[in-house]
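Listed in order, the protein sequences are those of chains A and B. Quick note on numbering: my numbering labels position 353 of the first sequence as 353, and the sequence is numbered without any gaps. Quick note on numbering: my numbering labels position 230 of the second sequence as 230, and the sequence is numbered without any gaps.
Just so you know, the hints here were simulated from the structure itself, not pulled from any lab data. You may find that some hints are simply not true.
Stated by the list, open to error - Below, in silico cross-link-like pairs of lysine-lysine (DSS-like), each with a Cα-Cα straight-line distance of 27 Å or less: (1) A:Lys-228 x B:Lys-20; (2) A:Lys-95 x A:Lys-384; (3) B:Lys-228 x A:Lys-271; (4) B:Lys-228 x A:Lys-220; (5) A:Lys-286 x B:Lys-228.
What the hints assert, rightly or not - Examples of chain A residues lying across from chain B (beta carbon under 10 Å, computed): (6) Glu-48; (7) Ala-116; (8) Ser-296; (9) Tyr-444; (10) Ala-447.
Even glycine gets a Cβ: it sits at the ideal position worked out from N, Cα and C.
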Amino acid sequence: MSETATEREVMEYDVIIVGAGPAGLSCAIRLKQLQPDLMVAVIEKSAEIGAHILSGAVIEPAPLDELLPGWRDNPPPICVAVEKDEFSYLTSTGKRKLLTPPQQNNHGNFIVSLGALCQWLAPQAEDLGVDIFPGYAAAGIHFTADGSVGGVIIGDMGVSKAGEHKDTYMQGIEIHAPLTILAEGCRGHLSKQLIKKFSLDANSDPQTYAIGLKELWRVKPENCQPGKVQHSIGWPLDKNTYGGSFIYHLDKDRLAVGFVCALDYEDPEFKPFEAFQQFKNHPSIKPLLEGGEILSAGSRALIEGGEQSLPKLEMPGALLIGDAAGLMNVPKIKGTHQAIKSGMLAASHVVKNRDGKGFNAALRDSDIMAELHKVRNIRPGFNKGLWRGLITAVIETVTAGKLPRTLKNHADWSAMKKLSEYEASDRHWGTRELPPRDRLASVYFAATEHDEDQPVHLQILEPDICVSRCVEEYDNPCTRFCPANVYEMVEDMGNEIVGEGGGEGGEMQKRLQINSANCVHCKTCDIKDPYQIINWVTPEGGSGPNYQNL
Amino acid sequence: MKILVGIKRVVDYNVRIRVKSDGSGIDTDGVKMSINPFDEIALEEALRIREAGNAEEVIVVSLGGNECQQQLRTGLAMGADRAIQIDTDEPLQPLAIAGAFLKIVEKEQPGLVILGKQAIDGDNSQTGQMLAALWDRPQATFASELVLNGETATVTREVDAGLETIEVDLPAVITVDLRLNVPRFVKLPDIMKAKRKPLDVIALSDLGVTTDNQLKTNSYAPPPVRQKGIMVEDAAQLVAELKTRGLV
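When you get a sec, could you build the whole thing from the sequences and use the hints?
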């Protein structure tokens with residue numbers, strides 16, 4: 001943003017919420033239910049509500065019952081009651097059914113598209129008088145004179161790649177409010193800045209994450225059993241990598257197929273996208289999908305640190321809720337109910353106290369936290385491998401988390417081993433036939449769109465490292481962990497990409513090429529880069545994936 | 001002078017179009033909908049004309065159910081002064097749409113009607129031409145440049161052979177092409193202002209327009225899927241493979 005910018009236009013609200021996901025929209029709805037005269041705005045970077053939302057998703061309905069009594073008579077467009085749970089362990093060729101863990105008993109829960117659910121929540125918030133602004137990205141924080149958060153700065157639009165104003169240039173406005181609620185979801189870029197600025201994580205473990213990849217398929221009618229929920233662990237991951245798959249059977253012959261892989265994996269050559277594709281080609285899964293077609297696809301990071309990694313949730317002028325805070329229950333593989341509950345709790349706290357002060361204590365005192373406390377040791381238990389993790393999970397489940405111990409979380413980026421230190425294990429991955437062929441073919445189903453002539457929103461803080469140390473030490477893992485093929489190492493002379501035979505007279509150099517227009521806003525690079533030199537910032541509002549029913 | 005601009009709600013250009021499995025139409029379930037991009041260019045041009053002091057009012061018109069109010073509100077947020085929704089749930093064809101526009105034209109008496117050259121869903125490119133004929137006024141289609149000179153307009157048209165410049169008497173119907181302008185971004189406070197701008201709803205049935213369709217659609221089908229290719233080792237194998245397929 002240019003220094004000479006003229007004074008920005010300002011809009012004032014009582015509460016500004018960043019992010020129209022389940023947490024932000026529930027918070028907005030609750031605020032207006034409790035105090036209809038409150039001026040509430042929700043800012044959302046996606047062009048349409050729900051277009052950047054990607055989740056499984058099986059949800060617990062209790063918080064929705066509380067927020068919108070009667071919602072079951074007017075359910076979201078995709079909402080199938082769970083009929084049957086299945087949990088299995090996969091080897092490269094076989095499948096063994098296991099007892100479903102109690103946390104994954106989904107009786108009474110619903111399979112939804114979280115994107116469609118948000119699209120369904122938004123007009124209900126608008127009917128209550130909430131102003132929702134999709135297509136506008138909160139690019140920066142507005143600080144008041146005393147250093148507290150005083151609102152957000154909307155990103156400028158119509159800025160060229162070189163940072164110059166195009167004909168369509170439009171300066172972003174500032175939205176001021178006594179209270180800003182950050183509901184950006186996992187690894188929100190403003191939340192990240194504020195956690196650092198106010199040292200909100202001073203007393204918590206490092207945060208830990210996973211990457212989730214998902215495809216929505218339309219399959220042959222005989223392969224879809226609406227209400228069936230399938231999960232698996234094991235292959236195609238090795239025993240030191242935490243993760244697993246999901247297949248949720250929706251209505252209209254649709255299957256939500258996905259794979260989640262913890263980002264504390266050690267292998268610098270590991271490819272999460274390929275793991276997902278391998279899973280789909282497992283002999284027990286492939287027949288389900290054969291003859292079908294992909295409707296939509298994408299990826300999103302998940303926040304898995306739980307209680308130990310939960311930062312302080314309040315700072316002067318602002319609160320963190322939902323996955324921006326990190327409230328997901330990992331053993332349940334669910335965060336939506338926690339997001340909705342935290343949004344509602346923030347709303348009632350704010351209305352009661354006329355202020356966000358004390359929200360951190362209120363949330364830690366609530367059943368949201370009690371739920372996280374009970375399962376706090378299960379995810380870190382898997383840091384010692386699959387089998388010891390399962391044993392820890394059994395112990396912690398039987399004792400309901402009452403043992404006087406809390407296992408530690410570690411930072412994902414520091415878990416990656418150098419090439420020289422990692423001994424590759426054979427994962428028995430084979431050739432595969434189902435689409436998509438590769439990551440570019442997959443991005444096509446995300447319908448992601450960025451104006452190419454805008455500043456690159458993936459900032460490399462020390463680009464020299466990419467072509468020197470990283471090549472040697474890790475072989476540029478960004479070219480593999482990114483599910484959208486954003487990062488590519490190319491050889492050229494200067495800026496021109498040189499084709500075969502074009503290298504005459506000059507020195508060929510390796511260079512990191514960032515195809516930022518492919519980005520699906522999953523945030524994996526910001527998390528997993530071993531040098532922590534990739535900084536994800538928001539591109540022009542309205543850019544990014546256009547997910548349908550993910 | 002008033003300018004009338006047509007706005008159509010269409011499936012967004014970024015969305016991958018999918019045909020319903022029974023072939024009865026396009027799947028729009030959960031699909032992002034937007035203003036037809038050519039209509040956005042038409043509106044941008046109208047706003048620039050008004051901002052240059054050559055028009056007093058810009059009116060956006062759309063035919064459709066209440067869902068098309070979303071696109072009309074976007075038009076108002078871009079800067080249109082008021083909006084008219086011709087309320088109908090019927091899927092209409094260009095002649096009926098042109099007939100409905102004519103009724104609005106007769107009532108509003110605009111000096112200029114600016115439309116997109118076509119909508120990206122039906123790709124008909126007929127409504128503007130039909131409206132000009134029904135209205136018995138000049139038309140200038142596929143405009144890439146538009147200059148107003150009082151009683152006339154000079155329009156540069158994108159035609160197969162290159163560019164063609166014509167002059168038309170006003171009032172006239174102008175349909176616009178991609179290169180005419182780049183539409184503006186909507187300013188966030190203008191979204192709030194747009195909520196207070198007038199949006200009139202007129203039932204299509206009250207306009208007295210025949211809505212009989214001239215065309216019947218039998219079925220929709222996606223284009224055939226590209227067959228999987230093979231990698232050849234050298235030119236000789238390429239020739240051999242082409243020969244076995246009878247292609248050379």
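Each hint tested on the structure:
As the CA atoms of Lys-228 (chain A) and Lys-20 (chain B) are separated by approximately 24 Å, the hinted pair is consistent with the 27 Å bound. The hinted pair formed by Lys-95 (chain A) and Lys-384 (chain A) meets the criterion: a straight-line CA distance of about 23 Å does not exceed 27 Å. A C-alpha spacing of about 25 Å is found between Lys-228 (chain B) and Lys-271 (chain A), which places the hinted pair at or below 27 Å, so the restraint holds. Of the pairs offered as hints, the one joining Lys-228 (chain B) and Lys-220 (chain A) holds, with about 22 Å between alpha carbons and a cut-off of 27 Å not exceeded.
Straight-line distance between C-alpha atoms of Lys-286 (chain A) and Lys-228 (chain B) comes to about 19 Å, which keeps the hinted pair within the 27 Å bound. Against a cut-off of 10 Å between C-beta atoms, the interface hint on Glu-48 (chain A) holds, since the closest Cβ of chain B lies about 5 Å away. Taking 10 Å as the C-beta cut-off, the interface hint given for Ala-116 (chain A) holds, the closest approach to chain B being about 6 Å. Annotation: Ser-296 (chain A) was flagged as interfacial toward chain B, and the flag holds, the nearest CB pair being 8 Å apart, inside 10 Å.
Taken as an interface hint, Tyr-444 (chain A) checks out: its beta carbon lies about 7 Å from the nearest beta carbon of chain B, inside 10 Å. Taken as an interface hint, Ala-447 (chain A) checks out: its beta carbon lies about 5 Å from the nearest beta carbon of chain B, inside 10 Å.
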